[in-house]
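S.K.: Here the protein sequences line up with chains Y and C, keeping their order.
According to UniProt numbering, the first sequence holds residues 1 to 369 in order.
According to UniProt numbering, the second sequence holds residues 1 to 321 in order.
Honestly, I wouldn't trust all of these hints.
[Stated by the list, open to error] Dumping the calculated DSBU-like pairs for lysine-lysine here, alpha-carbon to alpha-carbon at most 35 Å:
1. C:Lys232 with Y:Lys135
2. C:Lys250 with C:Lys319
3. C:Lys250 with C:Lys232
4. Y:Lys164 with C:Lys319
5. Y:Lys135 with C:Lys250
Calculated from the structure, these hints are not laboratory results.
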Amino acid sequence: MDRMPAWADAILVPLISLLLAALLSALVILAIGENPVEAFRLMVDGALMRSTGWGYTLYYATNFIFTGLAVSVAFHARLFNIGGEGQATLGGLGVALVCLYLPWPHWTLALLGASLGAALFGALWALIPAWLQAKRGSHIVITTIMFNFIAAAFLNYLLVNLMKPAGQMDPATEIFPAATHLPTFQDMFATEASPLFRGAPGNVTFFLALLACVAVWLLIWRTRLGYEIRALGHSESAARYAGISPVRIIVITMLISGALAGLMGVNTAMGEAERLVLNATEGAGFIGIAVALMGRNHPFGVFLAAILFGFLYQGGAELALWTSIPRELIVVIQALVILFTGALDNMVRMPLERVFAARRRRARRTPAE
Amino acid sequence: MDFATLLQVLDSTVRLATPLLLACLAGLFSERSGIFDIGLEGKMLVAAFFSAAIAAATGSVWLGLLAGIAASLVLSGIHGLASITFRGNQLISGVAINFLAAGLSVLIAQDWFGQGGRTPSLVGGGRWDNITLPLAETLSGVPVIGPIYAELISGHSILVYVAFLMVPLTWWILFRTRFGLRLRAVGEAPEAVDTAGVSVVGLRYAAVGICGLLCGLAGSYLATGLQAGFVKDMTAGRGYIALAALIFAKWRPWHALGACLLFGLLQAVALRYQNIDLGGLTIPVQVMDALPYILTVVILAGFVGKAIPPRAGGEPYVKER
Numbered sequence: 001m002d003r004m005p006a007w008a009d010a011i012l013v014p015l016i017s018l019l020l021a022a023l024l025s026a027l028v029i030l031a032i033g034e035n036p037v038e039a040f041r042l043m044v045d046g047a048l049m050r051s052t053g054w055g056y057t058l059y060y061a062t063n064f065i066f067t068g069l070a071v072s073v074a075f076h077a078r079l080f081n082i083g084g085e086g087q088a089t090l091g092g093l094g095v096a097l098v099c100l101y102l103p104w105p106h107w108t109l110a111l112l113g114a115s116l117g118a119a120l121f122g123a124l125w126a127l128i129p130a131w132l133q134a135k136r137g138s139h140i141v142i143t144t145i146m147f148n149f150i151a152a153a154f155l156n157y158l159l160v161n162l163m164k165p166a167g168q169m170d171p172a173t174e175i176f177p178a179a180t181h182l183p184t185f186q187d188m189f190a191t192e193a194s195p196l197f198r199g200a201p202g203n204v205t206f207f208l209a210l211l212a213c214v215a216v217w218l219l220i221w222r223t224r225l226g227y228e229i230r231a232l233g234h235s236e237s238a239a240r241y242a243g244i245s246p247v248r249i250i251v252i253t254m255l256i257s258g259a260l261a262g263l264m265g266v267n268t269a270m271g272e273a274e275r276l277v278l279n280a281t282e283g284a285g286f287i288g289i290a291v292a293l294m295g296r297n298h299p300f301g302v303f304l305a306a307i308l309f310g311f312l313y314q315g316g317a318e319l320a321l322w323t324s325i326p327r328e329l330i331v332v333i334q335a336l337v338i339l340f341t342g343a344l345d346n347m348v349r350m351p352l353e354r355v356f357a358a359r360r361r362r363a364r365r366t367p368a369e
Numbered sequence: 001m002d003f004a005t006l007l008q009v010l011d012s013t014v015r016l017a018t019p020l021l022l023a024c025l026a027g028l029f030s031e032r033s034g035i036f037d038i039g040l041e042g043k044m045l046v047a048a049f050f051s052a053a054i055a056a057a058t059g060s061v062w063l064g065l066l067a068g069i070a071a072s073l074v075l076s077g078i079h080g081l082a083s084i085t086f087r088g089n090q091l092i093s094g095v096a097i098n099f100l101a102a103g104l105s106v107l108i109a110q111d112w113f114g115q116g117g118r119t120p121s122l123v124g125g126g127r128w129d130n131i132t133l134p135l136a137e138t139l140s141g142v143p144v145i146g147p148i149y150a151e152l153i154s155g156h157s158i159l160v161y162v163a164f165l166m167v168p169l170t171w172w173i174l175f176r177t178r179f180g181l182r183l184r185a186v187g188e189a190p191e192a193v194d195t196a197g198v199s200v201v202g203l204r205y206a207a208v209g210i211c212g213l214l215c216g217l218a219g220s221y222l223a224t225g226l227q228a229g230f231v232k233d234m235t236a237g238r239g240y241i242a243l244a245a246l247i248f249a250k251w252r253p254w255h256a257l258g259a260c261l262l263f264g265l266l267q268a269v270a271l272r273y274q275n276i277d278l279g280g281l282t283i284p285v286q287v288m289d290a291l292p293y294i295l296t297v298v299i300l301a302g303f304v305g306k307a308i309p310p311r312a313g314g315e316p317y318v319k320e321r
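Isolated chain C, as found in the complex (with noise of 0.2 Å):
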């Protein structure tokens, strides 16, 4: 593999990373507030599928953002409605919003555009620009570092921009200020931040509300970012990839990013390389597909450090009398 080819994997990786890490980090949000969220599948796809119907329909793609975002914010509420306000089990919410997602994506597109089940392709102020950051025309002759620069850092939509800054950013509302400090304790202890005599159920609305926001961010990239356009079940999985990398990560920021990037990179090298040869012994494709189940689940049994998910997480919070 020469240095071209790496850079173009590297790239394709970080795209590839963006809708994980966006995902994840809204997972990282409910559960470390105590609720559980299979559903970040369905708000991916209610995102994708209204930002890119709404920008095919304006031709503006920050309208198609909004657009993604409110649609991934009523699934939210849905969300909450169910495990916060009923206290109805969280995963069952979780897996009829995946449904609902799937189900309504399809059939609004059917009805509003007739092509069985997807958007038309966007085109021009339909998707996100890639930006080139400052100076990476005149740094791409530099040796090695040129071409890192201008290949693989500069060149991306401002959504891909907008994620990994979302890391840090994260790491300092949980750990820097009092709110994450609330928001993680409402995952650990509700009793005791009840007893403070703050709200759980507003705390924990906050943190679901955070988490539509940001699949609505991941659902918008994929429909107009990396790819031009919804089609039916576009989010393959990545859901689910995103809670595996959230495990992964033992619910860290910081790890969130490298697990994401990780899965990222499986993916990048599945969808260029069909079947590895390591002299003689050729990895399947398929297995680079199972790859983060595999190793999610490697975590869970805890054989390589036990990830252990916040206490009070799946358990809706009676008051006591």
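Chain Y on its own, in the form it takes in the complex (with noise of 0.2 Å):
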């Protein structure tokens, strides 16, 4: 059945969609009276070319490449894990549970403490949707949208009544001890000489979600425990066959995704707004969807999905500043790449599997004569 080559499936469908989906949001932005040229280079000028820009991209990448892994690992399992947002919340509310009641001699403690924070408390706000599916059948897609809806009251309850400091007015923690304040790009890079990342709220919690991305790509081409995630996602009876129980992987993976989906909390948290606020995740959850999809559930491409989607973020609010774009129109992309990369796949692949077969054909008849 194997149609396409490794590269086209891998390559050329994303990048059609991808084209399709600008070619959309060019339409569109023309529609509403801008010009998409302008607003492309304006974009690109706001996001890439100077290295506050790259600081906020950057940022913005860290928190998708967690929500994006998460969403690709449960995808190898053929689960859909659409609770990422719930997860980040709750993986936020560990981040601040570990840097305001533990004390902190220097940030790498409590980076490393602040994480296994966010980690247990994403994966335990997945383990119930993930035990409902694996021993009641209970559809994983629902529970995980339930339990983002639970999150979010959860968390606003905790803030409102519990964790806001007397005389606050705004929902939120209190700032975290400044020993567990997370160095900025600015802080690592900038020398007097040249202020580099000025003002970015970019931090070294980037360089979480890039091991993160190694951790995953062992996970799942490295162990036994990732051959027989794909097992299970590829056939459940094969894999049954097999001697593998679908209740233990389908639990193990989703903990793996909550857990991804929780560290986001870290780089929110820990590392931009240095304490708990309502609704930090900011939708980053549903984007590590359309990320895993465009990245093909492969890390290397949820890492450059992840920088795009920074990218895109970052250059929204670039135009929302400078001209009457509103920052909607980036959930206008971001749909649209869902719908082509995800929803539509078959309307590209459909008629480029006819092209390659074509070509085949002719190959195949061409020594023949």
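Both chains are given apart, each in its own frame, so use the hints to dock them into the complex.
M.R.: Here it is, written out as structure tokens:
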């Protein structure tokens, strides 16, 4: 049934889908009376031409790497984890608890502790949907959606009623202690002579995200567990026949997925805000879906797609600043990417398969003559 | 709580349950035919925007309603194209539609009205009038029954009555007509329907179309009935609550009515009372917000009666060769 070469499947199909999404986005920009070329130039200028822009782009990309990896790990077991948003919310809570209520001598140790807290809370939030899917057959998409809303209400309650310092109006915790503040790119790379990344929120968590990419690659393609996850994703009956317990794999996969989504909290709560605020995830859990789809569930693809979406986010903010195009343009682009790379995948794939099949038939006929 | 307050809460329950009920029945048609639809939220949102925008521009709420339905049907068409024709993942398509709606509604609102992603407030003919049922005035003096009739049953906009009438109508279509039988069959065993010589694709498109129509009504009521105009993200998760109600009702019309009224009541109570004091034990408002979702998870878990979705739900149908 393999009608297409691997390179076409991995690169050509997503590229064409991306082009279609870009084309439609350009039409949308035209329709609201702005110049798409000019808009693109502004986005590139604001997101990529200055180190501060990169600082923002990489900050957003860090979030999307975590949520994208979370979705793609679940996809490998053919589970659709739409609950990255809730898991990241709980991850942020884990970070806040670790940073606020434990004494930390240095940020390196705090980062380690906060990462553990974030991963643990994110994983726990995925545990109930995972268990319900594995044991009771409750559809994981619906349960994780429900858990997103429950997480939002839960955090709202905690922040408003318990964690907000007395006398403060906005629902947020107090600022984390100074010892837990993570070094930003500015702290790391700026010198007296060249003030790089000034004021940008990009921070050391980005490197944690890169590590997570490598770890996920190792897990999926170089370990026994990863093999079992992929086997279950390809065929549950075959996996069961091979002695793989679907219940065990579903629960473990979702725990890993939830932990990855939870790690996003390190970047938003500890790296950027330095306190826990309401709605810190800002939809990044959902962007993870687009990132995973575009990255073809491969950590390197997820990395590239996350950078692209980081660029779109930062570029979109610049657009909103300088033109009359609101930030919601990015939501539209994100929707188009999900639509074309995810739902309408066959629309791109079917004609391409026909083209490749025709070429192969011609190639086969030629030597026979 | 005195009688007048109780009536007010129930009245507000009816209003808040209406969009949920319309969206829930929309999902019922779609999912009974085997097409999962988590894009109810998005369809309601575009319908809300376009009905408010056109009503604001023309001053006619009826034209607004038509525009809302049309917009919702366009998204239904995309969902049908992705999940029926191109056999894509229905869940991913639904997610995409929700984002498309969230983005486009604000983008177009900003372009047309320049008020930060909202429409102007609707006045006069731009909103649905409340209908006073016959004898509501004369009967209001009668104790107990009078106020119930005058306050609770009378005095809603036409879409509220349409929504409640849709419940028996949906039941009748699904369980008493040939179309309904086929529609249910295509959600359980599409290969059987196909063998009988009935078009699976046609039936599923019809179901998705009905879903779009009802979501259009729901969104339109939200922007031109419940509230006066469109604001950014005004559906506020109602599409997902409707989805929860659908599962809660186990894909049955009359139960959907019950579930939507229950969830509407929760919303009405959360709206009226911030925190509920039960003699020492305080229930925070966030619990009321989260309750529909928690109840749905409990139902899904199968501890209180098992919710079994249509068997072919979510699976694209591929004809055997």
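S.K.: I'd like to know which numbered hints this structure contradicts. Please list them from smallest to largest.
M.R.: 1, 4
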